[in-house]
Every structure is written in C-alpha cells, then in structure tokens.
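Asks: Once you've looked at the hints, dock chain C against the given chain Z.
Residue numbers (our numbering), protein chains in the order written: chain Z, 1 to 468; chain C, 469 to 936.
FYI, nobody ran anything at the bench for these hints, they're computed from the structure. Just to be clear, a hint being listed does not mean it is correct.
As the list claims (entries may be wrong) - Below, simulated DSBU-like cross-link-like pairs (lysine-lysine); rule was C-alpha separation at most 30 Å, straight line:
| id | chain 1 | residue 1 | chain 2 | residue 2 |
| --- | --- | --- | --- | --- |
| 1 | Z | K452 | C | K920 |
| 2 | C | K768 | Z | K300 |
| 3 | Z | K367 | Z | K127 |
| 4 | Z | K69 | C | K510 |
| 5 | Z | K75 | C | K920 |
| 6 | Z | K367 | Z | K338 |
| 7 | C | K510 | C | K537 |
What the hints assert, rightly or not - With the C-beta cut set under 7 Å, the calculated list includes, among others, these residues of chain Z facing chain C:
| id | residue |
| --- | --- |
| 8 | S49 |
| 9 | A114 |
| 10 | R165 |
| 11 | T168 |
| 12 | K190 |
| 13 | G198 |
| 14 | D200 |
| 15 | E253 |
| 16 | P354 |
| 17 | S356 |
| 18 | G385 |
| 19 | D419 |
| 20 | G427 |
| 21 | V446 |
We put the CB at the ideal spot given by N, CA and C, even for glycine.
Okay, here's what each chain looks like letter by letter:
2 protein chains.
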Amino acid sequence: MNPSSIAVPLKVAVRDAAIAELKALLGDRLSTATAVREQHGKDESYHASVPPDAVAFARTTDEVCAIVKICARHKMPVIPYGTGTSLEGHIAALYGGLSLDMSQMNHVIEVNAADLDCRIEPGVTRKQLNEYLRDTGLFFPIDPGADASLGGMVATRASGTNAVRYGTMRDNVLALTVVLADGRVIRTAKRARKSSAGYDLTRLFVGSEGTLGVITEITLRLYGIPAAINSATYSFPTVADAVNMVIQAIQSEIPVARLELADDVQMDAINRYSKMNLPVLPTLWIEFHGTEASIAEQAKLIEEIALEHGGSDFRLVDTPEERKRLWQARHDAAYANKALRPGAHIWATDVCVPISRLAECIAETQKDIRESFLPAPIVGHVGDGNFHLTIVLHPDDPKEVAEGNRLNDRLVARALAMDGTCTGEHGIGYGKLDFLVAEHGEAVSVMRQIKKALDPDNIMNPGKIVRV
Amino acid sequence: MNPSSIAVPLKVAVRDAAIAELKALLGDRLSTATAVREQHGKDESYHASVPPDAVAFARTTDEVCAIVKICARHKMPVIPYGTGTSLEGHIAALYGGLSLDMSQMNHVIEVNAADLDCRIEPGVTRKQLNEYLRDTGLFFPIDPGADASLGGMVATRASGTNAVRYGTMRDNVLALTVVLADGRVIRTAKRARKSSAGYDLTRLFVGSEGTLGVITEITLRLYGIPAAINSATYSFPTVADAVNMVIQAIQSEIPVARLELADDVQMDAINRYSKMNLPVLPTLWIEFHGTEASIAEQAKLIEEIALEHGGSDFRLVDTPEERKRLWQARHDAAYANKALRPGAHIWATDVCVPISRLAECIAETQKDIRESFLPAPIVGHVGDGNFHLTIVLHPDDPKEVAEGNRLNDRLVARALAMDGTCTGEHGIGYGKLDFLVAEHGEAVSVMRQIKKALDPDNIMNPGKIVRV
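Excised from the complex, chain Z in its bound form (with noise of 0.2 Å):
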C-alpha cells in the first residue's frame, strides 16, 4: 500500500513541544536525526519508510510510563520499535509521532528453571534468549525467520518453525507488563502455568501490534532441550506428494517439532544463497525431538509415509554443526529470495488454511505464479496450513507493485474462501486492514470498540489493525 495516500503528519506546534518535554525526560536518549527516523519507519517489507518526528530509546517501564503520559498529553502517535523486522509496515508513522526504541530494554530478568519459564525485558532477541539459557538446558522455541525482538514476536503473534509442536507466540506467553495509553501499568497475568481468573489480557495484548499499550515486560513459557534431535529433509515429486505427507503424519499425531515445506524454486534460490546442494525439488525439511528411542520411531513412521507419497533423496542430519546449518539456510529463505533479483524487495504473502485445503491452495497459487512475469519462491509451515509466497520485485515500480497487489488479492481471497486466514503470522499492520475486514466482517466491530475503550484519543500505533 502507498502510504503516502493515509499518512497525516502531526501539528508541527504539537509535535515540537512533545518534544521538547521528551528530551528533557531522556536528553540523549532522544533523537530527532533523520538517518534515525527513517531507519525507525522502515520495516523488512516492499512498504516505503514512514518516518516518526523523534525516536526515544526506553530504559525501564517508569520510563515509558513517562514517554507514554508526555505523548498522551499532546496526542502524540507512540509507535513501539522492536527491531524493525515486521512485514506489514507496522513500524510506519502514518500520523508522525514518537518511535519508541525498546531495544535498550533487552534483559533477562529471572529464569525460573523449575517452573520453565523466564521473565525478560521486550528487547531481547530470539538468539539472545537462547544464548542466555544456553547453559540451563532450557530453550525458547518460537522462531521467526529473523533474529527479532521478544516484544515485537509478542506484539505480532509470531511463530515459525517450530509452531506444529510447541505452539505460537500466543501460546507461550505468560504473563505481560503492559503500560496503556493512559499512563496506566498493568501486569495481564500471575505466573501460573494456567488461570480462569477474568478476561485473556494476555491474549488480548499478543498481537495487538502496539495499538493497545506498549509491552515492557514478558514472562515467557520455557521447554527442556530434547534429550536428541535429529533432523531430515525428503524430496518429492510435487507440492502436492509433499502436503499430503504431512497431512497424514499430522492425523497420526507423530510428534514431530518442525515440517517445512520449500518448492523448488525456493530449493533453488537456498542452494544458490546458503551454498547448499539440496536437490532442486518440493522438499520438506523435518526435525524430531525426544529421547534416541522415540525420534529413532518418529523418524522411522515419517519415512514410511514419505515413501508411501513418493518421497526420495532422504537425507538425516544429525551433528548440531550440519544441523544448524541446514535451518539457518532455511531462516534465511526470505534474505535469499532478495538475492534473485538484485535491488528488489520481498513481499512475503502469509495465508494459513485448514490443512486439508493446503495442496489445493498451493497449487493454484503455483499456476498464479506460473503466469505472472514476477519470481515468487514458496516456503511454508505446512504443519501448520501457513505459507509464504516470496514475491520478489522492485516497490518503485508501479506494474510490479500492481502484479504483486493481483497475486497476493487472488491468494488472500482463495484462503479466505477456504475458511483460512489472510495472515498466519505476519499481522495486520496497515498492508492488510482491508483483508482483516474481508476475513472478520462485524467481529472488526468489536475489535474498533476494544481499541477506542483502551485509546479513546487513538495515540497506540494509529493507523495499524483497525481503522477508527
């Protein structure tokens, strides 16, 4: 979308006494430079920088309990920036306003190995927290393709690989602190592992992308590191051999952690940017965990399946080095997309449907892709009905931006009518408002109600999920 059509900048009277009050608060800590603001108006997506008026970098909650009541007094827009890799132009400062930059907020408060849990500060990264719990046997499994922030995964309800087994982000979470656009601080949960004590606030706030309060504190669901993992990739003839595995290894409740699926296009562009030598065909790429003996059994009923569909070229993976190797290739799916086709962006489409329309879904899509002048590589978390169409082009050329726009409508439209979802993991940000409205109808009514309720002068985010 063009923000240029939506984008109002802020009352420049308005905007510069906020900031004078902000930079007294935080001195340094506050910018206004231009190569900072456009940094923190630009997402990972073909979506063209938005720039806020100031960028504030956070330290503690207090803090943005007083960031947030300053910006609420001069009906300042507050637009939380976690590492700036979302997808649908949720970081852009349609209505100007402060970018508050929680990334110096990135510790890790207390980890409760017994409990299996950890709070943490929104900062922190995926591979932070990892590294961090390296030596507990713990680890956080959610894992987007990039190394983004606790809070913007929380924010996004993101998931990733690992979602067929451990769940998503709105899953795993705990607890929140969150602070609401009136100042006000509240924690959503207590730290019990389960809880009918009033409304879902935790839920509510896990994928709320910034429009209801900004989040500074995460209690986050942790899970032992599997005794053994092994991991594997299959090929297979077509797409389709490949969705139906998986669907018959999800209905017998093999307990597999990851089942990833890439077309061959998608093989291709990771061979040439990871420097690998995987064949050029639909693959699926498999991780087990669990003890020797059950992913031993869990690898010995996938292939069984695989074969039954026509799966060849079996390949297990099982020293951590070739381990992280092969999965590093495949977070970097997206970074080696971009390298088709040099300049471009990626438009990374994200529909998730039932599982027992995926092959259909894909296939169609694959004959729209067929016809289209655009590359556009797959990759996907079939386990869980979720896939990516990687459109590659260039964003300041209006016939590639239209084509783009004919693909992902004819793609969101056909999930839709699948009973699926328009996006699986990515969010609303402002690229899909009009697609929230097509999937919800009137529950987006109920979503406007909440949003005014909790920011009646509409300073959370503007301008993303919901129109007001």
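Replies: Chain C alone, transformed into the frame defined by chain Z:
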C-alpha cells in the same frame, strides 16, 4: 458469598413486558415455573440458588439473537446456562432476568477429520461429543469432572486431567460464533490453525463467563486417539514426595498425558464412593499416550523418577475397562467428597501456582486442614500446579461457612503470594470477585472497560467477573 447481600430483583413491569414478548417468540420454550427457575439459579457449588425470572430454551443462533434483542430493549439480564455444573455461582440471577438454556442446541454440526477439528453447538456435552467421535478415531481431551456442556467449558476456560499434554479450553478453541449484547452476531476467527489477523477475540470470549455475549457455535481442535494408552497409580510417603516427582517429570519433558494427585483423605473417600481398593496414601494417577514403544519408554522413565522419590505400589492399568473405571473414580472425587457428610455440599477451592511452589503450598494448606474442624480432601492437576481443596460443609450453618471462608481466604492469599492464581479452571462467577481484584489489581480496570464497551447496559450475566 451470601447472594442476598447483592441480589437485586428486576422491576416487575420490565420483567412482565419482556416475558410477554419472549413468550410470543418461544411459546412452550419459555418457562416461568418455579421448579424450572430454581434449578436454573443453582450450580454445583455451595452458593445459594438465585432463580431467574424466566427460562428460555433456544434452538438456533437466530433465535438467540431475537431473544437477546428483546432483553436488550427491556434491559433484562441474560444468563447463558449449559448444564449448571459451574462452581462459583456463575448462573445465579443476581439481578433477576432470563436464564438462556442452551441444552437444546446440542448438535454436532460438522467433523473435519482431515483437519482434526469440529464445529458444534454449545449445548453438546463433552461425553456426548466423544461418543459422537468414537468411530472417527478422534477425540476431544478436555475433561472437567462433570459432563459439562462445551459452551459452559468455553465460558469458564475449563481444563481437567489432560491439560498437561493437551492444554485447556484456551488452547483448543479455534473459533466461536457469539451473539453480543446488542444482538450483533460475530464469528471470532476462521478455521486456520493459527492467525495473526487482529485482536484475539476467540481468547477474549473463552473464559468470559457469559458476561460479553452468548456463545452459539464452537469450532474445536480434535486429536487422534493415541495408538496406545496406559494408566498407572503410584503411592508416595508424603504429598511433597509426590509433587517433587511431578516437578522432575515435567522438567524432563516426558510427554505424560495426565498427572493427577490425590492425598490420603481423598483416596479414602474415593475408595468408599467408587468401591476401589487403592492404598490410602498420597497417590499419583498417571496416563501415557503414544505408540506402544513410546508409552513403554515413558512408563520406564516415570518409574525411575518415582522410585527416586520413594514411590511404591505401582499399579499398571492396561485394559480399557479398568482404565475407564479408574478415571471415572477420579472424576467422581467431588461426589465422593460430598458423600462424606450426608446432606453436605462441597466448596471446591481452585488455586494454581508455579510448580516450584506447589509442594510448599500444599503442605501449608494441609496444616490449615489439620487445624480445622471441616474435612477437606485434596485432589489436583499437579502437572499444571493446580489443586483443589474440597471443603465439605453444610451451607446453612454459618459457623461452617465462616470456616470455609477462612480456609479459602488463607489458601488464595498463599497462592497469590506465590505468584499463582485464585482459580486455575473454575472461574470467578460471583464467588471470587474480590479475589480477582486482589490478583489482577489495575488490570481489572481494563476488564471493566472492555465489559462496558461491549455491554454498556450490563445485561450479559451481570454481577459476574467484574463489578461495573
């Protein structure tokens, strides 16, 4: 809590006008008979009956919509009713109004076996659903003690004995159709396994106890019936030994399906009521789901850990009949306790704490019980940190009620101090309004804002969860 101190009857003119319109709509399916009203004002707890003014038996979403619109026009409270098995006075008509009985909306609409999901009406009970699914190879795992309606289970965010492995209602609802206070009908989500499309309305309505709208359709996750199942009981010298064994099992990521605890008093009550002959010692009830090989491995690992913690008298139950009998006895624990004192009621407490604090929490609670004159067996979903003290008392004896309050107050305060919750799975109803405030503090103001935004006239189950 004594409802007479808060119950306020509806004005007669309002009541009569609304009932006349409802009668015209529903005919025989609108009852004002005393016996029907009294039955609909009383759940399975010690809370006194507060009968509604009338009871409606709805058959379709459209009909619910018409009923709610009539009530909204007259500002007559609407109290959704499932099977009446709640435990905190959820269905008491504190402000008069209409009990909306959903038991005739009890159809399984569709089962999507390939997607492991189904769509049902809210009056379907958990046993009815599993009976329906029997020939599909699928099952729905969430099992509170009572044969509750799925609508009620959604509304209270219920769980039960399988939550260690399968999660709670929070984790197993894919989408809901809800009639809101103003008659709008929304569907909260599509049927995709995951989505980042906007606020998580599904999770907002799960656990909302009828205070935000009436649930009229539910899409649930299902699971393949495990290839192999084994159950076992293990006795321990002390509750602390049993709990410490559980902590170690959870930390070792052994994928046990059920991990239940009963103390010696509870075991004695179960033996009497269910004619069992189990050792009268702190006992863990365990169930393994998986393949033959994996459950054998799990059982072996569990046995090793149990031995380390003084476990004895291992009893493996491996025929379906024996297993059914064992778990029926576990599910009937509440009824077994009720039978300890003729004419008595049960007051089931419901705290849930981080598992590292569980042994300490139970030990301090047992000290309280030893010093009390009321019997109070302990049973718990210890894999989640959740346990129930079932206080057996005569609710019309003020001395006993005062003692019940004293024990429960101390228990909840203890759990909150340990970063736990006042309710793991029963909900707030009107019995725990003050505890909700103690637990959530400022966050309750956010719950109140949401309630007011979606139900400004406070007609949806008023007086439950939050005071407005």
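Asks: A separate judgement is required for each hint: does it hold in the structure or not?
Replies: Now for the hints, and whether the structure bears them out:
1. Proposed proximity of K452 (chain Z) and K920 (chain C) is supported: the alpha carbons are some 12 Å apart, at most 30 Å.
2. In summary, the hint linking K768 (chain C) to K300 (chain Z) is supported, as the alpha carbons are separated by about 22 Å, within the 30 Å threshold.
3. Proposed proximity of K367 (chain Z) and K127 (chain Z) is contradicted: the alpha carbons are some 37 Å apart, above 30 Å.
4. Distance hint between K69 (chain Z) and K510 (chain C) is unfulfilled; the C-alpha atoms sit about 47 Å from each other, more than 30 Å.
5. About 24 Å separates the Cα atoms of K75 (chain Z) and K920 (chain C), which keeps this hinted pair within 30 Å; it holds.
6. Between K367 (chain Z) and K338 (chain Z) the CA atoms are separated by roughly 22 Å; this keeps the pair inside 30 Å, and the hint holds.
7. Proximity of K510 (chain C) to K537 (chain C) is assessed by CA-CA distance (about 25 Å); at most 30 Å being required, the pair is judged to hold.
8. Evaluation of the S49 (chain Z) hint against chain C yields a violated restraint, the C-beta minimum of about 22 Å exceeding 7 Å.
9. For A114 (chain Z), the suggested interface contact is upheld, since its CB lies about 4 Å from the closest CB of chain C, less than 7 Å.
10. For the restraint placing R165 (chain Z) at the interface with chain C, the shortest Cβ-Cβ distance is roughly 10 Å, beyond the 7 Å limit, so the hint is violated.
11. Annotation: interface hint on T168 (chain Z) holds; nearest CB of chain C at approximately 5 Å, less than 7 Å.
12. For K190 (chain Z), the interface hint holds, the least distance from its beta-carbon to any beta-carbon of chain C being 5 Å, beneath 7 Å.
13. With 7 Å as the threshold, the beta carbon of G198 (chain Z) comes within range of chain C, its nearest partner Cβ sitting at about 5 Å, so the hint holds.
14. With its C-beta approaching chain C no nearer than about 5 Å, D200 (chain Z) sits inside the 7 Å limit, and its interface hint holds.
15. With 7 Å as the threshold, the beta carbon of E253 (chain Z) comes within range of chain C, its nearest partner Cβ sitting at about 4 Å, so the hint holds.
16. At about 4 Å, the closest approach between the beta carbon of P354 (chain Z) and any beta carbon in chain C falls short of 7 Å, and the interface hint on this residue holds.
17. Taken as an interface hint, S356 (chain Z) checks out: its beta carbon lies about 4 Å from the nearest beta carbon of chain C, inside 7 Å.
18. Restraint check, G385 (chain Z) versus chain C: the minimum CB separation of about 5 Å is within 7 Å; hint holds.
19. Below 7 Å, beta-carbon pairs count as interface contacts, and D419 (chain Z) has one with chain C at about 4 Å; its hint therefore holds.
20. Interface hint at G427 (chain Z): satisfied, since its Cβ lies 4 Å from the closest Cβ of chain C, which is below the 7 Å cut-off.
21. The closest approach between the C-beta of V446 (chain Z) and any C-beta of chain C is roughly 6 Å, which is under the 7 Å cut-off, so the hint is satisfied.
Figure legend: structure checked against the earlier numbered hints; hints not met, in rising order: 3, 4, 8, 10.
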